[in-house]
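Assemble the whole structure, with the sequences as input and the hints as a guide.
Protein sequences appear in the order of chains R and H. Taking the working numbering, I'd label the letters of the first sequence as residues 1 to 434. Taking the working numbering, I'd label the letters of the second sequence as residues 435 to 773.
Warning: the hint list may mix true and false statements.
[To be verified] Coverage of chain R stretches by chain H, computed from C-beta distances (three or more under 8 angstroms per stretch; other residues unrestricted):
{"no.": "1", "stretch": "41 to 51"}
{"no.": "2", "stretch": "145 to 155"}
{"no.": "3", "stretch": "178 to 191"}
{"no.": "4", "stretch": "196 to 205"}
{"no.": "5", "stretch": "338 to 350"}
FYI, nobody ran anything at the bench for these hints, they're computed from the structure. Values in this document were obtained by computation on a predicted structure and should not be read as measured data. Every residue gets a Cβ at the ideal spot worked out from N, C-alpha and C, and that includes glycine.
In case you want the letters, here they are:
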Amino acid sequence: MSSINRDLLAPLQSATPAYFLLLIVLGAIVALGAGAWYYQVDTGIGQTNLHPPIFWGVYIASFIFWVGASHSGTFISGVLRLSKAEWRRPVTRIAELMTFISLMIATLFVFFHLGRVWRWYYLMPYPNQRELWPNFRSPLMWDAIAVFTYATASTIYLYLPLIPDFALLRERIGGWRKPLYRVLSLGWTGTQNQWQVLETALRIITPLIVMVMVSVHSIVGWDFGVSLVPAWHSTIFAPYFVVGAVHSGVGLVAIGLYVLRKIYRLERYIESEHFDKIGKLLVVTTLVLAYLYFAELLTIWYAKSPDHMWVVDALLIGPFAVPFWFMAICIYFIPLATLTNPAFRRWPLGVMLVGVFINIGMYIERVLILVPPLTYPRLPFNWGSYFPSWVEMTIIVGSLALAVLLYALAVKFVPVISIWEEKEGLVHGTRHGT
Amino acid sequence: MGPVTEHEITVRALFEPSGYPESLVEKLRQAGVPEGAMEIRSPLPLHETGLVRPAPLPLHRIAIIAGLVGLVLGVVVAGGTAILYPIMTGGKPIVAPPVVGIISFETMMLMAIVTTFVTMLIRLRSERRDAVERDPRIDDGLIEVVLSLPSNSVQLQLVQTLLKQAGALEIRHHHATSSIPPGVELDRRTTAGMLVVAWLLCGVPACSRDMQDQSSYQSQEAPRIHSPKGSVPRDSRLLRKSLTTQEELDEGARLFRINCSHCHGRDGTGNGPVVAYLKEQPADLRDPYVQGLSEAALYDTVTYGLAVEGRDVMPAFQGELSAEERHSVVTYVKSLSQP
Numbered sequence: 001m002s003s004i005n006r007d008l009l010a011p012l013q014s015a016t017p018a019y020f021l022l023l024i025v026l027g028a029i030v031a032l033g034a035g036a037w038y039y040q041v042d043t044g045i046g047q048t049n050l051h052p053p054i055f056w057g058v059y060i061a062s063f064i065f066w067v068g069a070s071h072s073g074t075f076i077s078g079v080l081r082l083s084k085a086e087w088r089r090p091v092t093r094i095a096e097l098m099t100f101i102s103l104m105i106a107t108l109f110v111f112f113h114l115g116r117v118w119r120w121y122y123l124m125p126y127p128n129q130r131e132l133w134p135n136f137r138s139p140l141m142w143d144a145i146a147v148f149t150y151a152t153a154s155t156i157y158l159y160l161p162l163i164p165d166f167a168l169l170r171e172r173i174g175g176w177r178k179p180l181y182r183v184l185s186l187g188w189t190g191t192q193n194q195w196q197v198l199e200t201a202l203r204i205i206t207p208l209i210v211m212v213m214v215s216v217h218s219i220v221g222w223d224f225g226v227s228l229v230p231a232w233h234s235t236i237f238a239p240y241f242v243v244g245a246v247h248s249g250v251g252l253v254a255i256g257l258y259v260l261r262k263i264y265r266l267e268r269y270i271e272s273e274h275f276d277k278i279g280k281l282l283v284v285t286t287l288v289l290a291y292l293y294f295a296e297l298l299t300i301w302y303a304k305s306p307d308h309m310w311v312v313d314a315l316l317i318g319p320f321a322v323p324f325w326f327m328a329i330c331i332y333f334i335p336l337a338t339l340t341n342p343a344f345r346r347w348p349l350g351v352m353l354v355g356v357f358i359n360i361g362m363y364i365e366r367v368l369i370l371v372p373p374l375t376y377p378r379l380p381f382n383w384g385s386y387f388p389s390w391v392e393m394t395i396i397v398g399s400l401a402l403a404v405l406l407y408a409l410a411v412k413f414v415p416v417i418s419i420w421e422e423k424e425g426l427v428h429g430t431r432h433g434t
Numbered sequence: 435m436g437p438v439t440e441h442e443i444t445v446r447a448l449f450e451p452s453g454y455p456e457s458l459v460e461k462l463r464q465a466g467v468p469e470g471a472m473e474i475r476s477p478l479p480l481h482e483t484g485l486v487r488p489a490p491l492p493l494h495r496i497a498i499i500a501g502l503v504g505l506v507l508g509v510v511v512a513g514g515t516a517i518l519y520p521i522m523t524g525g526k527p528i529v530a531p532p533v534v535g536i537i538s539f540e541t542m543m544l545m546a547i548v549t550t551f552v553t554m555l556i557r558l559r560s561e562r563r564d565a566v567e568r569d570p571r572i573d574d575g576l577i578e579v580v581l582s583l584p585s586n587s588v589q590l591q592l593v594q595t596l597l598k599q600a601g602a603l604e605i606r607h608h609h610a611t612s613s614i615p616p617g618v619e620l621d622r623r624t625t626a627g628m629l630v631v632a633w634l635l636c637g638v639p640a641c642s643r644d645m646q647d648q649s650s651y652q653s654q655e656a657p658r659i660h661s662p663k664g665s666v667p668r669d670s671r672l673l674r675k676s677l678t679t680q681e682e683l684d685e686g687a688r689l690f691r692i693n694c695s696h697c698h699g700r701d702g703t704g705n706g707p708v709v710a711y712l713k714e715q716p717a718d719l720r721d722p723y724v725q726g727l728s729e730a731a732l733y734d735t736v737t738y739g740l741a742v743e744g745r746d747v748m749p750a751f752q753g754e755l756s757a758e759e760r761h762s763v764v765t766y767v768k769s770l771s772q773p
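In structure tokens, the structure reads:
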């Protein structure tokens, strides 16, 4: 057990010059993004290329992408905890941190998209002198409530298993972090009462948060599904969004696992076994997603309703064909061609690269869900076109850098592998003779 | 565990996890150690070993109740908003069940999760702030049994023997002096400081100058936006020049023939071709009464028409003729008095 302590606390205790260099580079990119946002706020939302009929562009696509990415933690951690899968132990914390950070980034995009962002609190339901009150019939309001619930719940879900680890850190790490750990560990001493309360709370919250996770991306899907826009108005959107979110989320976890394992030499904890399991999960999500996509396209194609067909034609053979087929290769063909091979799944770098392709593909997919249907409204006189402006692109790159930066900082603050759960796994392992 | 008092002594015994006998707790119980005075500290949750009976906490029931409260809250907020502000949306009922369902599902989950968390926090905080520092070796895998006993009891001997028999690696005594360990004070200050900062941050929106900057008018404030140039007549028409030019007269005559002559006649005597079909005779414009009216009065009549006893007898021409044109017509009518 002391070797587990030593190995898993090591990332928190030292930092290489390369780490600081990474922080500086990421910080510079974040500063660029922040500057672009400042410019957009100062000069107006017209700095984006949003214009009628295309009123939702890459900001909303990024929002959907990051909310989707946040499904990594909850799915991997929640579902695996529920099913008592032993291999979850080194993976859960990495995934939960991703959830937490992705949700923060996703929330930022709501603000990027607001025209007069300094009035954001007008949206909040509280009695005020403006006599404004939100209309709960708007799917965007459902969205706000669901994302708020999910953000709160996943913060709690990240924090709960961290309490015993914070207690350990309080003992083992000095300096400026010590008082913080002391507060965060809530006086944890590891008595049986405390363990019992913690485990009961985890047992209650885990199934609840899995349900919230499904509801969140369903509601994001309904933002589109309940509208009458051709190619959005579809019953399949909610499950399709949820599966897509899990697809990109699990892909992100593969990337995170690989990078952290490589940098902090966690090969003893994150084995090729884990990449094998992640690869299998990705095969499942690929097949389900492809099935849903096919069902959606088949229904539209067979009905041949002209307004829907404009969008589908634009995707398959029209102006959006290149990104569409690139996306299909990234999220369907590459995972299926590689991860179905057991030997490939045991190759960490390979699984990580597939994760990268999946996430690039899923980002394009989010943009393709948004832009083509908006480009072809029912009346052809109104058709438009859209490509993000430099302000939009800078903000997107900046927020990606912010996500990585936050993750890099978090690694120095919390152990990336849940220490007590790893110890529990060790004890379980010796007891059950595995 | 109860609070530590002056006359208590804390006995701490460390065990190897493999050497920890499950019967120890039972033996201690038989030796008369009360349930609340025993505590087992471990680096991971113990399930199979002989345990101190944890104080019951109905966390499941609390979560369910909180969930139901959240459900009701969601129904009240979403449904209540719909009832208070009945807006028809796409032919749906004012209180639409699917909408209320979605909102209350989320509030139910939020309440259940947050309440479970908060209850857990309160429970953890209510544990005894033990004067005994946690032994760092626990984190390396050892299990610690902590007992609080009266310092002058014979029990102490018995307990020590029991612990030794059970294979304790180390037994230490500890006189309880203060129940506040070092660092807790700092703890509280840090917590309080963080809460104050969080509270101050909540006030940041109050720095908005929205209320001062709002666009409502102050009393007697001058108009901020002026009408476009030329849209408001700045000279009264009464002050118009009295001299009439021949051109204006000709224009007036032309407009009169088009707009007026079918009733009033080409010469203005009130004998136009449609007079036979009218209930009211059109006025003879050469009549001294008409000619005695001011230009302004004639202009008003042409502009707004004429109603006698609530019935329209002459239509309004403000939509047909511009102000200039109406002036020309009035000038022409005035000129009719000089045959």
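Do the hints match the structure? See the list:
1. Coverage of the stretch 41 to 51 of chain R by chain H is violated in this model, with 0 residues showing a Cβ closer than 8 angstroms to a Cβ of that chain against a need of three.
2. A count of 6 residues in the stretch 145 to 155 of chain R with a Cβ less than 8 angstroms from any Cβ of chain H is obtained; the coverage claim is therefore met, three being the minimum.
3. Residues of the stretch 178 to 191 of chain R with a Cβ under 8 angstroms from some Cβ of chain H number 10, which satisfies the need for three, so the listed coverage holds.
4. Counting residues of the stretch 196 to 205 of chain R whose beta carbon lies closer than 8 angstroms to any beta carbon of chain H gives 8, which reaches the threshold of three, so the coverage claim holds.
5. For the stretch 338 to 350 of chain R, the stated coverage by chain H is not satisfied: 0 residues place a CB nearer than 8 angstroms to a CB of that chain, which falls below the threshold of 3.
In summary, the structure is inconsistent with hints 1 and 5 from the numbered list given earlier, while agreeing with the others.
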